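Engineer: Protein sequences, first through last, are from chains A and B.
Residue 346 in this note's numbering is what sits at position 346 of the first sequence, and the numbering runs on without skipping anything.
Residue 48 in this note's numbering is what sits at position 48 of the second sequence, and the numbering runs on without skipping anything.
It is possible that some hints are incorrect.
As the list claims (entries may be wrong) - List time: in silico BS3-like cross-link candidates among lysine-lysine, alpha-carbon distance up to 25 angstroms:
#, chain 1, residue 1, chain 2, residue 2
1, A, K216, B, K177
2, A, K166, B, K177
3, A, K166, A, K194
4, B, K177, A, K72
5, B, K113, B, K177
Unchecked claim - Heads up, incomplete: computed chain B residues facing chain A, CB under 10 angstroms, no partners named:
#, residue
6, G235
7, A259
8, A262
9, P407
10, G408
11, V456
12, R457
For the record, the hints were derived by calculation from the structure and aren't laboratory data.
Remember, it's a predicted structure, so these values are computed and weren't measured experimentally.
Built from N, CA and C at the ideal position, the CB exists for glycine as well.
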Amino acid sequence: MVRSNSPLVERMTLVWHDWFATSDDGVGSSRLMLRQNALFRRRALGSFEDLLLDVTRDPAMLVWLSGIENTKEAPNENYGRELMELFTLGAGRGYTEHDVREQARALTGFRADWDDGVGLHAFRFDDELHDGGTKRILGKRGDFDWRDACRLCVRHSTHSAFFVNKLWSYFIPVAPGSGTRRALERIYERGGYKVRPVLEAILMHPQLYKGPRMVKPPAVYVAGMLRATKRGVDTDSWTWIGHLMGQQLFRPPNVAGWDDQRWLDTATWRGRWIAVTNALRPAQIDNDQDYPEDERSAEAVDKALAFWGNPTLSRTTRQKLEAFSERCAQTADRPWEQEPVRRLRQNALRVLIATSPDLQTS
Amino acid sequence: MSHHCCQDFSRTELLRRAAAGTTPRGPATRDPRMPEAAGKGLDRRQFLLRSAGVMLTVYGASRLDLGLFDEGVAQAAGASDRVLVNVFLAGGIDSLSVLAPVGEAKYRDLRPKLALPGGGTAFAEDGRLQWHPSALPLATLHGEGKLSVMPAIGYDHPDQSHFNSRHFWEVGALDPKLVTGWMGRYLDRVGTQDNPLQGLSLDGDLAPAIATARVPVAAVASPDQYDFWAPGVWGDVENFMLDSFASIGNGHAGSRDAAMRAAGAAAAQSARLRAQLAPFGSDKLTGPVAYPEDDSGFAGRLQAISAMLAAGLPLRCVALGGPGDYDTHDSQPESLTENIKTTSDGLLAFQRDLEARGLADRVLVQVWSEFGRRAEENGSEGTDHGAAGIGFLMGTRAKGTMVGEFPGVDRLDEDGNLRATSDFRAVYSSLLEQWFGHDAAAVIPNAGRFGRPALVR
Numbered sequence: 001m002v003r004s005n006s007p008l009v010e011r012m013t014l015v016w017h018d019w020f021a022t023s024d025d026g027v028g029s030s031r032l033m034l035r036q037n038a039l040f041r042r043r044a045l046g047s048f049e050d051l052l053l054d055v056t057r058d059p060a061m062l063v064w065l066s067g068i069e070n071t072k073e074a075p076n077e078n079y080g081r082e083l084m085e086l087f088t089l090g091a092g093r094g095y096t097e098h099d100v101r102e103q104a105r106a107l108t109g110f111r112a113d114w115d116d117g118v119g120l121h122a123f124r125f126d127d128e129l130h131d132g133g134t135k136r137i138l139g140k141r142g143d144f145d146w147r148d149a150c151r152l153c154v155r156h157s158t159h160s161a162f163f164v165n166k167l168w169s170y171f172i173p174v175a176p177g178s179g180t181r182r183a184l185e186r187i188y189e190r191g192g193y194k195v196r197p198v199l200e201a202i203l204m205h206p207q208l209y210k211g212p213r214m215v216k217p218p219a220v221y222v223a224g225m226l227r228a229t230k231r232g233v234d235t236d237s238w239t240w241i242g243h244l245m246g247q248q249l250f251r252p253p254n255v256a257g258w259d260d261q262r263w264l265d266t267a268t269w270r271g272r273w274i275a276v277t278n279a280l281r282p283a284q285i286d287n288d289q290d291y292p293e294d295e296r297s298a299e300a301v302d303k304a305l306a307f308w309g310n311p312t313l314s315r316t317t318r319q320k321l322e323a324f325s326e327r328c329a330q331t332a333d334r335p336w337e338q339e340p341v342r343r344l345r346q347n348a349l350r351v352l353i354a355t356s357p358d359l360q361t362s
Numbered sequence: 001m002s003h004h005c006c007q008d009f010s011r012t013e014l015l016r017r018a019a020a021g022t023t024p025r026g027p028a029t030r031d032p033r034m035p036e037a038a039g040k041g042l043d044r045r046q047f048l049l050r051s052a053g054v055m056l057t058v059y060g061a062s063r064l065d066l067g068l069f070d071e072g073v074a075q076a077a078g079a080s081d082r083v084l085v086n087v088f089l090a091g092g093i094d095s096l097s098v099l100a101p102v103g104e105a106k107y108r109d110l111r112p113k114l115a116l117p118g119g120g121t122a123f124a125e126d127g128r129l130q131w132h133p134s135a136l137p138l139a140t141l142h143g144e145g146k147l148s149v150m151p152a153i154g155y156d157h158p159d160q161s162h163f164n165s166r167h168f169w170e171v172g173a174l175d176p177k178l179v180t181g182w183m184g185r186y187l188d189r190v191g192t193q194d195n196p197l198q199g200l201s202l203d204g205d206l207a208p209a210i211a212t213a214r215v216p217v218a219a220v221a222s223p224d225q226y227d228f229w230a231p232g233v234w235g236d237v238e239n240f241m242l243d244s245f246a247s248i249g250n251g252h253a254g255s256r257d258a259a260m261r262a263a264g265a266a267a268a269q270s271a272r273l274r275a276q277l278a279p280f281g282s283d284k285l286t287g288p289v290a291y292p293e294d295d296s297g298f299a300g301r302l303q304a305i306s307a308m309l310a311a312g313l314p315l316r317c318v319a320l321g322g323p324g325d326y327d328t329h330d331s332q333p334e335s336l337t338e339n340i341k342t343t344s345d346g347l348l349a350f351q352r353d354l355e356a357r358g359l360a361d362r363v364l365v366q367v368w369s370e371f372g373r374r375a376e377e378n379g380s381e382g383t384d385h386g387a388a389g390i391g392f393l394m395g396t397r398a399k400g401t402m403v404g405e406f407p408g409v410d411r412l413d414e415d416g417n418l419r420a421t422s423d424f425r426a427v428y429s430s431l432l433e434q435w436f437g438h439d440a441a442a443v444i445p446n447a448g449r450f451g452r453p454a455l456v457r
């Protein structure tokens with residue numbers, strides 16, 4: 001997201017990472033996590049059904065949601081449940097506990113080998129472990145396998161609405177009106193479950209521009225700051241800072257992904273403060289740098305805004321920043337204090353702008 | 001292969017675990033197969049010393065100079081307020097291991113590999129049940145009359161999704177749309193605008209059970225590290241900057257846009273909390289009672305609560321996650337034994353600490369999990385999601401007698417799960433009325449429909 005020329009693909013890669021939230025905390029292999037990340041990027045804008053099929057047999061997911069524990073002899077409901085509850089239909093929308101159990105049977109057959117040196121490897125489908133019997137899933141009967149399990153979900157009557165609402169929610173904080181939603185559903189179904197046409201329609205919708213603002217997810221917030229300051233990802237500190245902000249990539253809190261309604265509290269707000277100070281550190285104005293001792297308060301605010309690429313500020317924030325700026329100037333009552341105070345003031349203004357509600361939201 | 005499961009442990013769980021193993025310089029890595037995180041700072045024990053030691057400073061500082069505290073906190077500090085500490089065991093703890101029905105023949109049929117052997121410490125109120133060997137500290141508390149046990153707590157038509165069931169427990173209703181927590185709604189009625197510590201989440205993230213609509217509550221990962229440093233800013237300018245971020249936040253706290261309002265409120269509350277926690281800053285650990293070694297940080301957090309109460313900080317509802325992940329779809333015995341032990345040892349030490357500090361009559365601890373587990377074990381030496389599970393209420397003022405009987409494993413529900421004999425909404429209603437003296441109907445939807453088990457003496 002920081003350096004890409006196709007930011008939308010990167011943004012969607014993050015969406016899928018949240019949608020099919022898999023954590024290295026349970027997978028225990030950076031190699032498998034990166035492989036899954038490549039899958040999300042490769043399938044970022046294509047067919048959701050293809051994406052779902054690939055996710056279902058993705059090694060990281062097979063570890064995370066017990067796919068390789070799920071056998072004919074000992075079915076494990078973990079993936080079958082989340083497949084419907086979180087990935088395709090929504091909790092309690094059109095399936096029963098019986099469907100969960102039958103989905104688990106359909107999904108049996110994946111295995112992997114364990115080697116102390118390598119960890120889990122050789123992920124594959126093994127017919128011996130698959131329950132080939134007849135299942136009854138979502139009102140259909142057949143000797144279903146994992147591909148059928150996915151397709152039955154995508155073609156289920158409640159899926160399109162679930163998909164459209166969920167995708168929309170990543171970009172617009174209030175649910176689409178029923179007319180808009182139905183139109184998006186038609187686009188989705190007529191396009192053969194392709195992501196791109198639905199996404200384009202959402203991104204062109206007036207609500208995106210005129211509707212309420214959204215709190216930026218931490219990863220998006222940091223990527224924006226690094227792009228604004230033309231800085232790459234040059235430190236792995238962003239891992240622990242992401243954690244403090246409530247979004248450590250490759251470690252979502254659970255299989256439901258990050259909670260977009262709860263990005264901000266007193267702990268994660270401090271995490272964002274630390275992100276800002278880390279983004280700023282290389283650009284800090286030091287004691288040995290000359291600084292204009294006659295810089296006026298409003299000029300100082302303009303200069304700090306220019307540092308961030310001149311983002312639009314609300315009048316409230318602008319007024320508060322100027323008040324702060326003036327208060328700093330007042331404190332310097334001796335001539336030799338004028339320059340150092342203005343230096344400190346400029347450093348502080350950059351922090352205050354980046355942490356303001358104006359820049360925390362978009 | 002390491003223990004893994006459906007990994008639906010909570011966000012709080014993940015954050016808590018990471019916080020316990022690290023300083024702000026790097027996240028913890030739990031998996032020994034993974035390389036150590038770059039820039040990892042102090043070791044775990046030092047971190048716990050630091051985090052608990054900070055509390056001790058407050059303990060002394062508050063007695064010397066209450067003026068150090070934010071005015072609102074000083075005014076709100078009530079040495080007599082009752083406190084509820086809410087401990088969440090994430091993932092769905094296997095109640096049939098904590099209190100194992102070794103006296104029932106069916107138990108061994110259902111759990112050929114996992115059944116606990118007989119001959120252990122019997123549960124005094126029901127001879128069919130036996131305490132898990134790691135849970136003996138709980139048996140001790142029960143023997144002293146300080147632990148009420150709910151051997152099969154849940155609700156009708158149980159939901160076997162972690163998210164749904166946990167959400168129901170958090171909001172105190174079977175309502176997927178409710179966004180305030182049950183304790184949060186209580187705080188909304190009795191709390192004040194100037195005391196975020198009235199609802200304190202110690203997991204680094206706001207516990208949904210204390211989420212409020214009206215009054216501020218606080219979430220801190222580590223109370224001693226709540227500072228707001230910025231590069232190249234110090235002296236008066238730094239103080240003005242701290243004032244200014246609060247002022248900018250307050251300027252947007254009434255915005256018509258919900259996201260701007262949320263960002264403004266977060267800034268304003270963070271500024272207030274910074275002022276409240278500013279006096280915390282030492283690195284010595286002492287206290288009247290020794291806590292067990294605990295890499296998870298659970299015991300240290302309990303000790304922190306005790307020290308904060310001793311210091312007169314105005315806590316009312318505190319939420320924290322218990323140690324470990326109870327979603328034991330496989331390799332259950334190993335992780336469960338360790339996690340039950342860490343939980344029980346920590347709770348006993350906390351109770352003893354409160355007693356030694358003369359705080360015991362002010363504090364009740366409520367322990368819960370989103371559900372129990374399937375009575376029949378699965379093929380991976382684990383158990384799948386169940387229905388009714390186990391809950392506890394600990395404290396000198398807890399009534400100490402069982403709430404709802406153990407229903408037996410010979411008459412399970414249609415999914416093969418334990419049937420509930422007590423309802424979490426009834427327990428919440430009783431806690432609100434008997435502990436806080438507050439009308440439950442104002443907090444718990446349809447509170448009149450639920451019984452009122454006697455919980456408090």
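Engineer: Determine for every hint whether it applies to the structure shown.
Structural biologist: Going down the list of hints, with the structure as the test:
1. A:K216 <-> B:K177: Distance ~23 angstroms between A:K216 and B:K177 Cα, so the pair holds.
2. A:K166 <-> B:K177: 16 angstroms, holds
3. A:K166 <-> A:K194: 15 angstroms, holds
4. B:K177 <-> A:K72: 37 angstroms, violated
5. B:K113 <-> B:K177: 40 angstroms, violated
6. G235: It holds, given that the least Cβ distance between B:G235 and chain A is near 7 angstroms, below 10 angstroms.
7. A259: With a minimum Cβ separation of about 4 angstroms from chain A (threshold 10 angstroms), the hint on B:A259 holds.
8. A262: Given a least distance of 5 angstroms, the restraint on B:A262 holds.
9. P407: 20 angstroms, violated
10. G408: 22 angstroms, violated
11. V456: 31 angstroms, violated
12. R457: 36 angstroms, violated
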